[in-house]
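If you read the protein sequences in the order shown, they are chains A and B. Positions 1 to 163 (my numbering) are the ones given, in order, by the first sequence. Positions 1 to 281 (my numbering) are the ones given, in order, by the second sequence.
Please note: incorrect hints may appear among the correct ones.
Stated by the list, open to error - Part of the chain A face toward chain B, derived, beta carbon under 10 Å:
1) 20
2) 61
3) 65
4) 74
5) 76
6) 97
7) 105
8) 115
9) 117
10) 124
11) 125
12) 127
13) 143
14) 147
15) 148
Stated by the list, open to error - Calculated lysine to aspartate or glutamate pairs in the EDC-like style (CA-CA distance at most 20 Å, straight line):
16) B:164 with B:146
17) B:144 with B:115
18) B:124 with B:232
19) B:124 with B:237
20) B:7 with A:86
21) B:7 with A:94
If you're looking for bench data, these hints aren't it; they were derived computationally from the structure. Glycine residues also receive a C-beta, built at the ideal position from the N, C-alpha and C atoms.
Here is how the chains run, residue by residue.
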Amino acid sequence: MKKVVILTILIFALEVLDNSMVPFFSVYGYYPSLLFLFVISYSIINDRWSALKVGLISGALQDLFFINGFGVNMLVNMLLCVLAGEIGRNLFKEKKLIPILTILGLTFLKGILVYIILYFIGIKVMLYSSVFVAIYSFVLAIFVYKPIYKLCQKPYMIKKWKF
Amino acid sequence: MKFIKNKLAVTIIVLSVSFLFLIGFSVKRQNATFLESGVGGVFTSVQGVVYKSTNGVADWFSFVTHFSQIKHENESLKAENISMKNKVAEYDALNNKLTRVSAMAKLLAPGAAYDYKNCNVTGKGSSDAEDSFLIDKGSNDGIKIDFAVITEQGLVGKVISVGKTSSVVGTLNNANIEVGAMDEKSRDNSGIVAGYEDDNNNKLGLLSNLPQNADIKKGDRIITFGTLYPKDIPIGEVISVGKDPTTVSTTAIIKPYVDFTKLEEVSVVIPKNIDLNEIKY
Numbered sequence: 001m002k003k004v005v006i007l008t009i010l011i012f013a014l015e016v017l018d019n020s021m022v023p024f025f026s027v028y029g030y031y032p033s034l035l036f037l038f039v040i041s042y043s044i045i046n047d048r049w050s051a052l053k054v055g056l057i058s059g060a061l062q063d064l065f066f067i068n069g070f071g072v073n074m075l076v077n078m079l080l081c082v083l084a085g086e087i088g089r090n091l092f093k094e095k096k097l098i099p100i101l102t103i104l105g106l107t108f109l110k111g112i113l114v115y116i117i118l119y120f121i122g123i124k125v126m127l128y129s130s131v132f133v134a135i136y137s138f139v140l141a142i143f144v145y146k147p148i149y150k151l152c153q154k155p156y157m158i159k160k161w162k163f
Numbered sequence: 001m002k003f004i005k006n007k008l009a010v011t012i013i014v015l016s017v018s019f020l021f022l023i024g025f026s027v028k029r030q031n032a033t034f035l036e037s038g039v040g041g042v043f044t045s046v047q048g049v050v051y052k053s054t055n056g057v058a059d060w061f062s063f064v065t066h067f068s069q070i071k072h073e074n075e076s077l078k079a080e081n082i083s084m085k086n087k088v089a090e091y092d093a094l095n096n097k098l099t100r101v102s103a104m105a106k107l108l109a110p111g112a113a114y115d116y117k118n119c120n121v122t123g124k125g126s127s128d129a130e131d132s133f134l135i136d137k138g139s140n141d142g143i144k145i146d147f148a149v150i151t152e153q154g155l156v157g158k159v160i161s162v163g164k165t166s167s168v169v170g171t172l173n174n175a176n177i178e179v180g181a182m183d184e185k186s187r188d189n190s191g192i193v194a195g196y197e198d199d200n201n202n203k204l205g206l207l208s209n210l211p212q213n214a215d216i217k218k219g220d221r222i223i224t225f226g227t228l229y230p231k232d233i234p235i236g237e238v239i240s241v242g243k244d245p246t247t248v249s250t251t252a253i254i255k256p257y258v259d260f261t262k263l264e265e266v267s268v269v270i271p272k273n274i275d276l277n278e279i280k281y
């Protein structure tokens, strides 16, 4: 239960920060999503079903303030989180090199997937901006992956989901 | 069939397909749904608080990241400040000038026989390039033809045409304007000043009709003696004296105190005991 509460608070807080504080720290207008960074890290560390759930929840929250197509982030986050969980199965998670490289790749992949979906529904966005966002996320991941890993190793976080 | 038993894969495929339908459906609508706008509203209010409190921090942060830009802006502001200071100084000088004009106007009114109407110069006259200019007062303000026009430096000329709200002033170097003048020191009062242009196109005045033995020297002050213009208004300074053997008289070139090309405000002298048919100063 404690795990659900902590995850909920973290996801909601990061969503609020993403929309209010992170844009102030933009570099040349590009800024990453802390929420996506967190859920991808969480997915790498935990199993695929947990990854599916956090992907869905974070995607739903991101879609609230997204362009008109509701569900874009839900779909993309779900797929990428499950992919991250799949990658995480074969990793030594306490080493941070491969996980942060995975984060770099998946963040870039998210930009491409969102671009493709938006392209098909007739909305044009800048593709190359996802490169900068991925690099920014990568730099942040260097610092935040270890804390997230330690959080996930706490006894109360290892329990199964109960909802 | 092994694939279908993989619950995770089935879940993902089902969800993906339903999301694709959801996207296709939601992209066409205009407004957010009730649920979306409700949850969005809660988020927006929380975000507002964080946003405001972050603003102060972000200001400092943007100062650091945009330091060179701010430095550049600071320099351009400095340059602007200097030019503004110059403009303020100019403004002060102009203000002083106005005070002097007003003071002079009072000084020039012995027994208050004259009123002085301050006018702004609004343009150059159309016909002769620099011999006339326009002022922003006319018959509505009591200005009539032949009234004298002065600045605090001296005589400018006279009104040669009047409209309701504007007038044309002929300057001293207009060929049609002649002024009775005298040497301030010797009070020799038979001279006439008319417009004169030297070889270098300098706008000067020619004082003629002086007697051959007139007591006039370079540097003397020439003033009006008060036939057609008010008395004792400075006109200019003698820069050279010559004898004219044919008319047996002395002539002098004078440099007017007023620079006719740089007039900004002038005063029209309005006599108080005005006769509509004839103007007498």
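Against the structure, the hints come out as follows:
1. Hint on residue 20 (chain A) holds. Least Cβ distance to chain B is approximately 4 Å, under the 10 Å limit.
2. The restraint placing residue 61 (chain A) at the interface with chain B holds, with a minimum CB-CB distance near 8 Å, inside the 10 Å limit.
3. Taking 10 Å as the C-beta contact cut-off toward chain B, the hint placing residue 65 (chain A) at the interface holds, the least distance being around 7 Å.
4. Because the beta carbon of residue 74 (chain A) sits about 6 Å from the nearest beta carbon in chain B, less than 10 Å, this interface hint is met.
5. For residue 76 (chain A), the shortest C-beta to C-beta distance to chain B is roughly 9 Å, which falls under 10 Å, so the interface hint holds.
6. Against a cut-off of 10 Å between C-beta atoms, the interface hint on residue 97 (chain A) is violated, since the closest Cβ of chain B lies about 27 Å away.
7. A cut of 10 Å between beta carbons decides the hint on residue 105 (chain A): the least distance to chain B is about 19 Å, and the hint is violated.
8. The interface hint given for residue 115 (chain A) is violated, since its Cβ lies 14 Å from the closest Cβ of chain B, which is over the 10 Å cut-off.
9. Against a cut-off of 10 Å between C-beta atoms, the interface hint on residue 117 (chain A) holds, since the closest Cβ of chain B lies about 7 Å away.
10. The interface hint given for residue 124 (chain A) is violated, since its Cβ lies 14 Å from the closest Cβ of chain B, which is over the 10 Å cut-off.
11. Using the Cβ-Cβ criterion of 10 Å, the hint placing residue 125 (chain A) at the interface with chain B is not satisfied: the shortest such distance is roughly 14 Å.
12. Taking 10 Å as the C-beta contact cut-off toward chain B, the hint placing residue 127 (chain A) at the interface is violated, the least distance being around 19 Å.
13. For residue 143 (chain A), the interface hint is violated, the least distance from its beta-carbon to any beta-carbon of chain B being 17 Å, above 10 Å.
14. Using the Cβ-Cβ criterion of 10 Å, the hint placing residue 147 (chain A) at the interface with chain B is not satisfied: the shortest such distance is roughly 21 Å.
15. Because the beta carbon of residue 148 (chain A) sits about 21 Å from the nearest beta carbon in chain B, more than 10 Å, this interface hint is broken.
16. For the suggested pair residue 164 (chain B) and residue 146 (chain B), the alpha carbons sit about 16 Å apart, so the restraint of at most 20 Å is met.
17. Using a Cα cut-off of 20 Å, the hinted pair residue 144 (chain B) and residue 115 (chain B) holds, with the two alpha carbons roughly 13 Å apart.
18. As the CA atoms of residue 124 (chain B) and residue 232 (chain B) are separated by approximately 27 Å, the hinted pair breaks the 20 Å bound.
19. With a CA separation close to 25 Å, the supplied pair residue 124 (chain B) and residue 237 (chain B) exceeds the 20 Å bound.
20. A threshold of 20 Å between alpha carbons decides the hint, and for residue 7 (chain B) with residue 86 (chain A) the separation of about 14 Å falls inside it, so the pair holds.
21. Restraint check: the Cα-Cα separation between residue 7 (chain B) and residue 94 (chain A) comes to about 28 Å, which exceeds 20 Å; the hinted pair is violated.
Consistency note: the structure conflicts with the earlier hints numbered 6, 7, 8, 10, 11, 12, 13, 14, 15, 18, 19 and 21.
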